[in-house]
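Participant: Sequence:
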Amino acid sequence: MNRRSVLRLGGAVLALGILGIVMAFFAGMFSPTIEPGTVAVEPEPIEGEVVTVESVRTKVQANAPGTVEARHEAVLSPRITARITAVHVRAGDAVEAGAVLVELDERDLESRLRQTRDRAAAAQARLDEAERHFQRMRDLYERDVVSRADLDRAEADRAAAQAELARASDAVEEARTALSHATIRAPMTGRVIDRLAEPGDTARPGVPLLRIYDPGSLQLDAHVRESIAARMERGQSLNARIDAVDANLEVTIKEIVPSAEPGSRTFIVRAGLPGHANLYPGMFGRLIIVTGSEQRIEVPAAAIERVGQLEFVRVVTERGPVRRHIRTGETTPDGRVEVMSGLVAGERIVIPR
1 MNRRSVLRLG
11 GAVLALGILG
21 IVMAFFAGMF
31 SPTIEPGTVA
41 VEPEPIEGEV
51 VTVESVRTKV
61 QANAPGTVEA
71 RHEAVLSPRI
81 TARITAVHVR
91 AGDAVEAGAV
101 LVELDERDLE
111 SRLRQTRDRA
121 AAAQARLDEA
131 ERHFQRMRDL
141 YERDVVSRAD
151 LDRAEADRAA
161 AQAELARASD
171 AVEEARTALS
181 HATIRAPMTG
191 RVIDRLAEPG
201 DTARPGVPLL
211 RIYDPGSLQL
221 DAHVRESIAA
231 RMERGQSLNA
241 RIDAVDANLE
251 VTIKEIVPSA
261 EPGSRTFIVR
271 AGLPGHANLY
281 PGMFGRLIIV
291 TGSEQRIEVP
301 AAAIERVGQL
311 EFVRVVTERG
321 PVRRHIRTGE
331 TTPDGRVEVM
341 SGLVAGERIV
351 IPR
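Using this note's numbering, the first residue of the sequence shown is number 1, and each one after it goes up by one.
Quick caveat, the hints were computed from the structure, so don't treat them as lab data.
Just so you know, even glycine gets a beta-carbon here, dropped at the ideal spot from N, CA and C.
EDC-like cross-link-like pairs, simulated, lysine to aspartate or glutamate; straight-line CA separation at most 20 Å: (1) K59 x E294; (2) K59 x E330; (3) K254 x E226; (4) K59 x D334; (5) K59 x E250.
The following label-pair restraints were derived from C-beta to C-beta distances: (6) D170 x F284: 50 to 56 Å; (7) R225 x K254: 18 to 24 Å; (8) R176 x S147: 40 to 46 Å; (9) K254 x A277: 18 to 24 Å; (10) R57 x R324: 21 to 27 Å.
Required output: the full structure, derived from the provided sequences and hints.
Facilitator: Right under this line is the structure:
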């Protein structure tokens with residue numbers, strides 16, 4: 001073996017020796033040995049309020065989604081064709097029953113009313129003349145001056161004049177009614193949903209101009225599963241949640257539509273809503289239906305720590321508070337959260353300060 005080989009072998013042995021010493025150091029061979037159970041480990045301090053986890057009996061609820069609708073809603077359209085001269089309201093305005101909402105150009109209607117009144121006056125004059133002629137003919141007939149045929153002709157002329165006056169009077173009433181249609185009034189006290197026309201537009205029969213509704217007639221039309229709807233009845237009191245106004249409202253079932261929707265197998269349940277200043281048709285709502293009760297674990301919401309999508313609580317153990325992952329469910333109105341897994345009744349948890 002030459003000198004180079006001896007040096008190479010010696011270096012390898014030295015490297016192995018150094019590696020062994022390092023491994024022995026990390027294994028604790030150079031530290032004093034402590035016998036098991038001879039050192040007491042102090043538990044971590046508890047910072048916060050300690051509460052005991054309890055199992056509580058709570059109501060089981062089903063949420064039926066729905067939409068706020070108005071029972072009393074009116075779509076206003078004209079009965080005549082005319083140019084719009086004024087629209088006095090806009091969407092969102094409150095209106096009183098009988099208030100003028102839209103005015104139409106009434107010049108043609110006024111002219112027609114004057115013409116019919118003139119024709120009625122002429123018919124009245126002809127009737128007066130026919131009446132006087134009939135009276136004269138009757139006097140002459142009683143004195144045997146004229147024949148019965150002359151009297152009959154005078155009576156027929158009077159009857160024709162009476163019929164002509166009746167037709168003229170009907171025409172006046174028709175023209176007066178048409179003139180009244182030039183002013184569109186609110187049929188009820190309510191609020192304007194939409195304004196569909198502007199001054200200068202031509203109003204036509206059947207074409208909507210305004211939509212209004214009665215705020216006191218709002219209801220929640222909810223889609224309820226058939227298994228639940230079968231146990232509901234009119235007059236039943238429930239709760240409804242309207243998220244847009246952050247309100248829980250007490251409602252009463254007004255109607256259950258006696259026909260299920262084939263696709264979803266749900267019934268439409270209509271529940272009357274109480275008055276609320278910020279409640280409008282079209283809002284989303286949920287009908288809250290109590291279907292039974294069950295035992296479940298609930299903890300204060302303040303005891304839950306969240307890291308991203310994960311939720312934890314600190315459970316008190318012999319070693320102090322230990323973080324434990326849990327899975328939560330619904331939150332109750334009093335600020336408690338259902339724990340679906342991760343805790344059992346009797347354990348103690350910490351509510352951080």
